[in-house]
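Enquirer: Each chain, written out:
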Amino acid sequence: MRVLLDGFLRVFSSLALSVALLLMLGLLTWLGTLEQVDHGLFEVQKRYFESFFLVHHAGSIPIPLPGANLVLCLLFVNLAVGGMARMRRDRRTAGILIAHAGILILLLSGFVKMYFSDDGHVTLFEDQRANHFESYYRWEIAIAEDLGDGRLREHVVPQEDFADAQGDRTARLGSPELPFEVEVSHYMPNSRPTPKGPMFEVAVPVVDGVFLQGRELAAEAETNIAGAYVSVVERDGTRTDGILWGMDAHPLTVTAGGKDWAIDLRHERYAMPFTIELEKFTKVDHPRINMPKEFSSDVAVIEGEASRPVKISMNEPLREAGLVLYQASWGPGGARPGDRLFSTLSVVRNPADKLPLYACIVIAAGLVIHFTRKLAGYVRREAGA
Amino acid sequence: MAVLVWTLVGVGCGSRESRLRTVETARVVTPVDGGFRWHATSEERFGLRGPGPAQVAELAYSVPDGWLQVAPTAMRAANFLVGGDPETECYVTLLAGDGGGALANANRWRGQVGASPLSSADYDALPRVAMLGGEGSIVEAAGTFTSGERKIDEALLIGAVRLLPDRAVFVKLIGPRAKVEPAREDFLAFCRSLERRG
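Listed in order, the protein sequences are those of chains A and B.
If you want our numbering, it's the position in the first sequence, counting the first as 1, plus 337.
If you want our numbering, it's the position in the second sequence, counting the first as 1, plus 138.
Mixed in with the good hints there might be a few duds.
In silico lysine-lysine, DSBU-like type, Cα no more than 30 Å apart, as pairs [said to hold, decoys possible]: (1) A:Lys596 with A:Lys617; (2) A:Lys533 with B:Lys310; (3) B:Lys289 with A:Lys533; (4) A:Lys630 with A:Lys620; (5) A:Lys533 with B:Lys317.
Listed next, the stretches of chain A that the computed footprint assigns to chain B, with coverage defined by at least 3 CB atoms under 8 Å from CB atoms of chain B [said to hold, decoys possible]: (6) 498 to 512; (7) 523 to 532; (8) 565 to 571; (9) 579 to 589; (10) 678 to 692.
None of these hints come from the bench; they were simulated from the model.
Glycine residues also receive a C-beta, built at the ideal position from the N, C-alpha and C atoms.
With the rest of the complex left out, here is chain B (with noise of 0.2 Å):
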């Protein structure tokens, strides 16, 4: 009965819970894979990165400042968080080939916030940015953005496109536009500064 006070009095107070669970296999193995290392740094575990220039497996570009770059997931092969806020994120995506082409990949972008898809026309009619050794289009376009469970209400997206012979390259800037908009010099400046390595 006791118990069963504390319990409900525990619960009704909303403690932590925190129970010992035994830990029971233990087992002793040999890596064959090189190992880890020990006393990592957060950074080296985590693969985070501040400004500066940098590079990932066939890019060269230098981080603006304010930028931090986190680890990058399957889709996202450089990956940066803008002025450190979790919602605001500026990612590179490489795919081969055309990647699906360059209008397609816009409208999908632009459907994102809910904005009207562009015509081929208006494609070509887009703003252009010096990068990767040729001009990127600037895709930009503003409204409530979804993808997947994440939303974003007055969010501004800003993407950049260009077209490789053979490698599609994908910059897409999203977030809150109060935070968007401040960060699109940055934004340009870091597609000036991608170069193809290798």
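Isolated chain A, as found in the complex (with noise of 0.2 Å):
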């Protein structure tokens, strides 16, 4: 056991296995920006940053590689193991100590944002109001009933449960609290409502006259619009068919144990505890050129009854219950002078909001630390020369 565990030790708390930890994080990097070219940021940062493994292909040669993950995971353990417990510690290591504290705060901090994280949009045109940012890749089905004061009830189906009802499969969805089962299929993670031409056929069902085509996906994730066919399954057996699609106006309504029902496919919500509403966007562009110099929003923040107004603007994000809404971007794209515009403001829910910055004080205050001690050292060998 001894043994095992020095063997352990030797090994993880080696400085050719940091080296070896870190040319692999530039390598995938490296390979991982190259990727972006034809597979778009989000595929890749799911393929080469967020995976524990991967499979490079080099042309036609398939090249097995540790994902950033896995190679961030095992430098947490060896900066831990190597830097920390195995370290000297005195005064002569104390400000190496810190600095690699400070790179293990940074890392959990990473960890953290992974996994317990979550960030969309709020797109606004001026006097729209939200109480939700949404996601700009992941999808999910709500089934709504209008509580008819103002309010609806949701029951919201995440993306795991019905993205792998595609080809013979399909996912059944059911509550206690609904009189049906929504039966998905042909799920389609970017596609288009078609008319249904009396000159082709289409191998999906058609309904109404339209049909869901599907498309190839695009690089740019955020631009694929999901997709799907659902059937309401009541308890008599009585079946109403739809097609969900990801950028419809209004969702489907179906009409079930004598009530309405709206059936939407729109991406993933997260409430916000307070209600935001753009008052006032403004772009100011570069002389002569339709290329904005900044933009900001002045937006309202409304709890209850109070309302308070705030700018948001590139570098001025607003902080508010745990929420970071940065100013992101504008559109409609290609406006001309006096068209509405919208305003996209960024969202963040990150509990490690603020870890990078104190990571940063520390691995400084580290490194100050120990070139200080470096250089009073060099001074006093000086003096005494």
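These two chains come separately, so use the hints to put the complex back together.
Expert: Here is the structure:
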């Protein structure tokens, strides 16, 4: 047992492992950057940086590689064991120990961000309000009933529960609170509803003269628009078929159990503990060209009866109730002076939001201590020579 | 053991797999964005339109018979399926300024079907169509169309480029030659019908 532990410590505390891991991280960053040209940021981030293993294709040659997630986990262990536990601890190594602790905090913040954060956006025209933000990439199905007082009761199904309903597979969604089951089929990660013409046949169902046409996945994953077929199956076996599409203007309405139900495929939504209203969006262009020099959003943050004005600009996000709202973009692209513009605020809920800053302060402090001690030693030696 | 056998039989027969997933998340929400419309039709939900007069933000036009207007996308201000064929598309793209240049865009189109680029003199000699208060240049190229993972063998591309003082208007018809060739006159009529609003 002792031998095993010693072996573990020797391997995981070695400087050679640190160098190998850092080189691998550099390689993954390089390969991932190149892959973004063809596969877009989102796909590459999942494949190269959030994975434990991946297969990189150099032409037709498959090369198995560790994913950045695994490399960073190993680096964390390597730093914790080699840089903290096994390093000699005295005044001479204090700075290095502190710097290593800072790097560990930095890595930890990355893990917290990856596993415990939500991010998305709020897109608003002037005078519009929102009390939720939505994901750029993930989808959900919401089954809503009208409670009659301006509120909706939503039953929400995450993407994992229906995204495999492709080919021959279907996904049945049910709840004791629903008087029906929803059968999802022909899920398409990128699709377009298309009217069925008389001159061609399609391999998928046609509902109300419309079918869902699958499209190749776009490199920019946020431009993919998911779609699916649904059948609402009531307890007496009555079926109502419909098409869901991620960019529809209105949800599918079905009547079941004597009530109307709205079924919607939409980007995953996250509730905000406040409402935000865009009061004014300001875009200042560079002289004589239609390229913005700066843009900002004057918003009202509404909590209950209270409302307060806030300006969100590119370098001044709003931090409120654990959320950070950044000025991200605007649209529509190519708008002319006088056109109605919308503002897109990127929203992040990250419990480790401040950790990178603290990590950098700790690392800087460690390096200052270490190099100050080195400098003092050099000065002393020179003075004594 | 019986479960295993039946599972293997089910998989072997290619039966439609279906398992019930319980919807676990329920919440009450108060929409503050105006909500949505109940009982909307498919046309209203998906933004589908048939032939006839139509408009997008700053253009008005007449949709030829047999064309179906489908939902716009980020780069397509107006988007049509020609003859109901999902492979044959016509769409209008509006870009600020000169949109990167008429010749550059014409050559980008030609590159998509593997055709050689035009010189400035070639571009100036292209046929024209009356559109948007002036003349647009008609670019045409045939070959194998590739864009992303999309590929059409024996494709025909017909495009119209019209530069306005503050705007570049691109109209592109692309699809199999057998479908695009008969739609040529409709395409030109569509270009002639374009009008600037506001």
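Enquirer: Does each hint hold? Answer for all of them.
Expert: The hints, checked one at a time:
Of the pairs offered as hints, the one joining Lys596 of chain A and Lys617 of chain A is violated, with about 40 Å between alpha carbons and a cut-off of 30 Å exceeded. For the hint linking Lys533 of chain A to Lys310 of chain B, the alpha-carbon distance of about 22 Å falls within 30 Å, and the restraint holds. A threshold of 30 Å between alpha carbons decides the hint, and for Lys289 of chain B with Lys533 of chain A the separation of about 22 Å falls inside it, so the pair holds. With a C-alpha separation of about 8 Å, the suggested pairing of Lys630 of chain A with Lys620 of chain A holds against the 30 Å cut-off.
Restraint check for Lys533 of chain A and Lys317 of chain B: the C-alpha separation of about 16 Å stays at or below 30 Å, so the hint holds. Counting residues of the segment 498 to 512 of chain A whose beta carbon lies closer than 8 Å to any beta carbon of chain B gives 10, which reaches the threshold of three, so the coverage claim holds. With 4 residues bearing a CB less than 8 Å from a CB of chain B, the segment 523 to 532 of chain A meets the requirement of three and the coverage assertion stands. Under a criterion of three residues with beta carbons nearer than 8 Å to beta carbons of chain B, the stated coverage of the segment 565 to 571 of chain A fails, only 0 such residues being counted.
Restraint check on the segment 579 to 589 of chain A versus chain B: 8 residues with Cβ-Cβ distances below 8 Å, three needed, restraint holds. Coverage of the segment 678 to 692 of chain A by chain B is violated. Counting CB-CB distances below 8 Å, 0 residues qualify, and the rule asks for three or more.
Hint compliance for this structure: hints 1, 8 and 10 are broken, all remaining hints hold.
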